[in-house]
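Asker: Those sequence lines, one after another, are chains A and B.
First residue of the first sequence? That's 41 in this note's numbering, and the numbers climb one at a time after it.
First residue of the second sequence? That's 41 in this note's numbering, and the numbers climb one at a time after it.
For the record, the hints were derived by calculation from the structure and aren't laboratory data.
Some hints here could point you the wrong way.
In this list, chains with the same sequence are indistinguishable; a pair is considered to hold if it fits within one copy or across any two.
What the hints assert, rightly or not - In silico lysine-lysine, DSSO-like type, Cα no more than 30 Å apart, as pairs: (1) K160 with K217; (2) K77 with K118; (3) K77 with K298; (4) K388 with K118.
There are 2 protein chains.
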Amino acid sequence: MEHLHALIMAGGTGTRFWPASRRERPKQLLPIAPGSKESLLESTIRRILPMCAEERILVVTGQRLLDATRASLSAFPKVTVVAEPLARNTAPCIGWGTALIARRDPRAIVMALPSDHHVKDEAAFRAAVERAAGSAEAGPVTTLGIQPNRPETGFGHIEASDEVSPGVRRAVRFVEKPTRERAEEYMQSGRYFWNSGMFFYRASVMLEAIAVHLPELAKGIARIETAAQRGPDAEDAETRAVFPTLPNISIDYGVMEKLELIHVVPAEFGWSDVGSWQAAWELGSPDAAGNVADAGAVLVDASGNLVRDLSSRKRRAIALVGVRDLCIIETDDALLVVPRERAQEVRKVVEELERRGAEDKL
Amino acid sequence: MEHLHALIMAGGTGTRFWPASRRERPKQLLPIAPGSKESLLESTIRRILPMCAEERILVVTGQRLLDATRASLSAFPKVTVVAEPLARNTAPCIGWGTALIARRDPRAIVMALPSDHHVKDEAAFRAAVERAAGSAEAGPVTTLGIQPNRPETGFGHIEASDEVSPGVRRAVRFVEKPTRERAEEYMQSGRYFWNSGMFFYRASVMLEAIAVHLPELAKGIARIETAAQRGPDAEDAETRAVFPTLPNISIDYGVMEKLELIHVVPAEFGWSDVGSWQAAWELGSPDAAGNVADAGAVLVDASGNLVRDLSSRKRRAIALVGVRDLCIIETDDALLVVPRERAQEVRKVVEELERRGAEDKL
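Given these sequences and hints, build the entire structure.
Answerer: Right, dumping it as structure tokens:
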């Protein structure tokens with residue numbers, strides 16, 4: 041598809057992958073998936089290259105992450121990396137990024153993708169993307185809806201009605217993270233899908249939708265476009281001036297939920313949002329005892345553990361005796377030990393390090 | 041006591057403190073006790089200095105450990121360190137060491153001490169040592185018997201009869217590690233004490249006892265003494281020639297159990313043979329949740345853990361969330377995670393590393 045462009049949202053920060061993730065080295069820049077040498081961002085790009093040339097990929101990150109992000113993409117020299125002057129949720133990111141793409145290609149069809157998800161079946165992913173991009177080309181903003189394989193209270197869901205064309209359904213509504221009971225109903229019904237955060241749209245359609253539903257954002261984008269005609273310095277200055285004035289709102293809440301027509305392409309491709317070390321364990325190849333361990337680990341009567349040596353030397357002997365279901369994460373300057381089922385609580389460690397002012401560990 | 045000498049047995053190797061202990065850096069050369077900056081050997085020496093000047097302290101180690109042992113004792117320049125050409129259990133060590141001491145001081149009273157034990161109440165220890173040395177000065181080989189504070193199946197016991205003088209009892213017999221049931225009986229009886237492996241004797245008495253009970257050892261010692269009259273090179277060569285011929289036998293089995301008269305000084309001074317990481321945890325100062333952790337550890341809902349950062353940089357953030365009763369031991373090139381109650385199984389890690397030929401980790 042000649043006009044297919046990618047807008048990759050790579051400004052995320054977070055604490056759930058401490059000690060691997062740090063303020064200046066967030067999850068998307070790390071090879072979180074066990075056995076992978078690519079960062080999640082690199083994987084995201086490589087995964088779409090068969091359908092979207094590097095020149096048509098735009099990565100939007102944060103000012104603080106710009107250098108690290110560029111450095112991590114040295115294998116993709118033609119990918120464009122830009123930085124928001126400050127983080128303002130997904131609506132400004134998508135609005136600005138879409139405008140940048142539209143400037144180069146007014147007929148662009150954009151796939152807006154998170155940079156930090158994992159996809160197991162890449163062929164199935166690309167088939168779904170082609171279907172969704174085809175739907176978007178016809179007009180409607182289109183999302184990928186992930187077929188639930190478990191009741192899941194951690195994701196927003198999309199309710200879909202009947203098919204409007206093969207593999208494409210009309211979205212009825214977006215629903216917030218459901219209760220456990222509701223999540224089970226949703227899974228049984230076959231009409232609900234997880235909101236993957238992957239959107240497909242004509243750039244012109246999205247910019248019009250923003251003009252209607254987020255006029256302040258549209259006005260800010262227009263100022264930047266006007267400044268850009270005076271050259272890159274003026275554009276840069278205007279972008280810095282505009283961003284702090286933009287609404288701090290998500291694209292779901294600010295635009296998607298207000299659109300009259302949305303299509304959803306149900307898909308199943310081994311998707312994970314890689315939300316915690318527990319999720320990282322799920323992505324690994326377990327040994328007979330359920331351990332997902334980096335090479336060289338010595339495991340004696342140990343089961344169900346995730347063992348990652350993310351230190352730069354990687355010559356550490358990590359030995360476990362008689363422990364089960366732990367995450368053990370080693371970096372050059374830190375070590376984490378936490379039960380898999382409590383992996384979400386890693387943020388408490390980060391909070392404690394903040395309290396102690398341990399800047400070099402954050 | 042003018043003629044009191046110390047013979048410190050520091051040739052031990054072992055695997056129970058991996059990854060801190062290695063072939064070339066065994067337990068006695070490490071600061072195993074949490075909060076201590078001294079190695080166990082340094083502590084052993086410092087503890088006796090008030091009653092035994094450096095010049096009268098002889099450390100016997102193994103050839104392989106000679107340099108490391110000397111280096112670790114730089115604070116005690118007048119202590120003599122010698123190395124057995126090869127390890128031959130405790131009888132040759134004590135026989136040879138005692139002969140070396142007797143050569144310098146024929147009237148020597150010797151305290152033979154392990155180098156890798158921990159003593160909490162050093163004043164009580166020194167009081168017991170003075171009593172035992174006094175008993176030995178009067179003739180009988182004398183041991184320190186530790187007052188049991190629990191039934192203990194891991195130590196040999198000494199049965200004692202009535203006092204022969206204040207605080208000194210006659211030993212009836214040595215018994216091997218008892219069953220659990222027997223150990224409880226022993227503790228109840230008040231007549232059994234743990235064999236601490238600390239012996240006190242006149243050098244002349246021990247050398248005579250060796251002549252009677254281990255004549256081969258006595259013969260070997262005599263050859264070394266004769267060679268020594270021709271100078272240090274001849275002595276060194278003869279020592280190397282003699283050692284392989286010496287009986288591989290413990291002083292308990294070879295001599296102590298055969299003596300007709302042995303005294304035992306019952307004592308209580310917070311003794312530990314520091315047999316595993318579990319014992320190291322017991323020596324530490326626990327926080328309110330029972331954690332013994334090096335400074336800087338981040339503990340979130342963690343209890344009963346031992347956390348040691350023995351890496352040279354010591355600037356690692358070690359974070360535990362929601363785990364209990366683990367030993368977590370970090371060094372420059374290794375990490376161990378094991379439940380405290382399974383700390384003895386660390387040897388299995390060492391066995392596995394041997395199997396893999398991981399020489400740099402052994």
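Asker: A separate judgement is required for each hint: does it hold in the structure or not?
Answerer: So, going through the hints one by one against the coordinates:
In this assembly of identical chains, the alpha carbons of K160 and K217 lie at most 30 Å apart only when taken from the same copy (24 Å versus 57 Å across copies). Taking the shortest alpha-carbon separations for K77 and K118, only the intra-copy value of 21 Å comes in at or below 30 Å, while the best inter-copy value is 55 Å. With identical chains, the CA atoms of K77 and K298 are never at most 30 Å apart, being 40 Å at best within one copy and 66 Å at best between copies. With identical chains, the CA atoms of K388 and K118 are never at most 30 Å apart, being 39 Å at best within one copy and 52 Å at best between copies.
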